[in-house]
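Given chain L, put chain C in place with the hints provided.
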Amino acid sequence: MSAIVADGLGKRYGRRWALRECTLEVPEGSVVGLVGANGAGKSTFLHLAAGLLEPSEGSLQVLGGRPGSDATQLAKVGFVAQDAPVYGGLSVADHLRLGARTNPGWDEAGAQARIRSLGLDLRQRAGKLSGGQRSQLALTLAMGKRPELLVLDEPVSSLDPLARRTFLADVMELMADHGPTVVLSSHLLSDVERVCDHLIVMAEGRVQLVGSVDELLAQHKLLTGPRRDERLLPRDQVLVRASHTERQTTVLVRTTDSILDPAWVVSDIGLEDLVLAYMDRRVAAPTETPLSAVPS
Amino acid sequence: MGWHVAVIEFRIDPRSGMPPYRQIVHQVRQALHLGLLREGDQLPTVKDVVGQVAINPNTVLKAYRELEHEGLAAGRPGLGTFITRSLVDASFAAHKGLQSELSRWLAKARRAGLDDASIVALFESTFHASSNRGVA
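Residue numbers (this note's numbering), protein chains in the order written: chain L, 1 to 296; chain C, 1 to 136.
No lab work stands behind these hints, which were simulated from the structure alone. Treat each hint with caution, since some may be false.
Stated by the list, open to error - Partner residues are not named here, just some residues of chain C that face chain L (Cβ under 10 Å, in silico):
hint : residue
1    : Tyr21
2    : Gln42
3    : Gln52
4    : Val53
5    : Asn58
6    : Ile119
Unchecked claim - Lysine to aspartate or glutamate pairs mimicking DMTMM-like chemistry, simulated, CA-CA at most 20 Å apart:
hint : chain 1 : residue 1 : chain 2 : residue 2
7    : C       : Lys62     : L       : Glu193
8    : C       : Lys62     : L       : Asp214
9    : C       : Lys62     : L       : Asp177
10   : C       : Lys62     : C       : Glu124
11   : L       : Lys221    : L       : Asp236
12   : C       : Lys47     : L       : Glu193
13   : C       : Lys47     : L       : Asp261
14   : L       : Lys221    : L       : Asp261
15   : L       : Lys221    : L       : Asp257
16   : C       : Lys47     : C       : Glu66
17   : C       : Lys62     : L       : Glu28
18   : C       : Lys62     : L       : Glu173
19   : C       : Lys62     : L       : Asp191
20   : C       : Lys47     : L       : Asp191
21   : C       : Lys62     : L       : Asp236
22   : L       : Lys221    : L       : Glu272
23   : C       : Lys47     : L       : Asp170
Ideal Cβ positions, reconstructed from N, Cα and C, are used throughout, including at glycine.
Bound-form chain L, shown alone (with noise of 0.2 Å):
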């Protein structure tokens, strides 16, 4: 089952599209990674995912149900946002408090016992945590309540090394024991690599690449040969991105069958290597032709 279907999905400020022709599914259980510059329609399309915003145009469906329709729609999903806000006035154990008075699932003990292992004081003003604590504490909240979907707007940003590593230890181990769908979006591809099994590439408002980690990275090649034309690929290997010397021409493909022809040294490609080749490739080339005819 997916957890999240988009069809046609856009949202529209003002006269801006901030996200446009977004069609995509997430697999249940998954643990999707979300890549894109900034501006890219990464944290629009998480609010809309959260039911925080509506859709100006297309359709979304998050764990069957349209977000934030509801009380039991909003409560199958945890959010945490980009600066991971809490209430500056209230205490650590007041945002407990509000957390088990605003959802009915509420997991007292489970945050009770996390509270505990950060060394976090009850009594301490959320306004005087460190940003790595609030951002612990904003994810207690999230994962309090026991989500079936859990997004994460670029969570570990503003972390240190040390914090990085804690929190996304924590919400794989949250994985581990309730296994909700994770939507996570990150500039940090080494995390991205760590984490995730899914990956969504987005560029100036558009869906790049989405799909399994595992199977984008088999179904791309970096091609090098003799200088020659990159428009005579055969017709099973889709052009990402073409370079030339004088000499040598480099190509990344995406295709499911293998290169035969001699000419080229073939090599498989790095994560990095290809988020960077879709995030790259909009601004080098608007008007090629969208991904959904690039075979899956």
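Leaving out everything else, chain C in the frame of chain L:
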């Protein structure tokens, strides 16, 4: 869990170029070859691994499934995943002999002026040639 003592710990190297699940499979095989893991040993629980190295639980499950497929481990429902085969056999003494022979050969290769990269290249090409002939 906490009631069992983990025999090995995994590490994930983002620069290895190997997907994380392969790294786990590789580390288990290596530990088996080195005798660090033996038949009957329990592999770390999925939750322990993700808590230690912050990777996706599905990755650990995939690695363990692959080890099961290779006949090296088996899952026992509710208990965990256990090693079902040792890869270090009883004739370890004979391996010691092979190891010292190899050390002597390496010393000889260095005296002959080969650098490390050439030694590795020579070993690999000879290894592949003999594997292909079905000798190894």
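- [ ] Give me the numbers of the hints this structure contradicts, sorted from smallest to largest.
- [x] 2, 6, 10, 13 and 21
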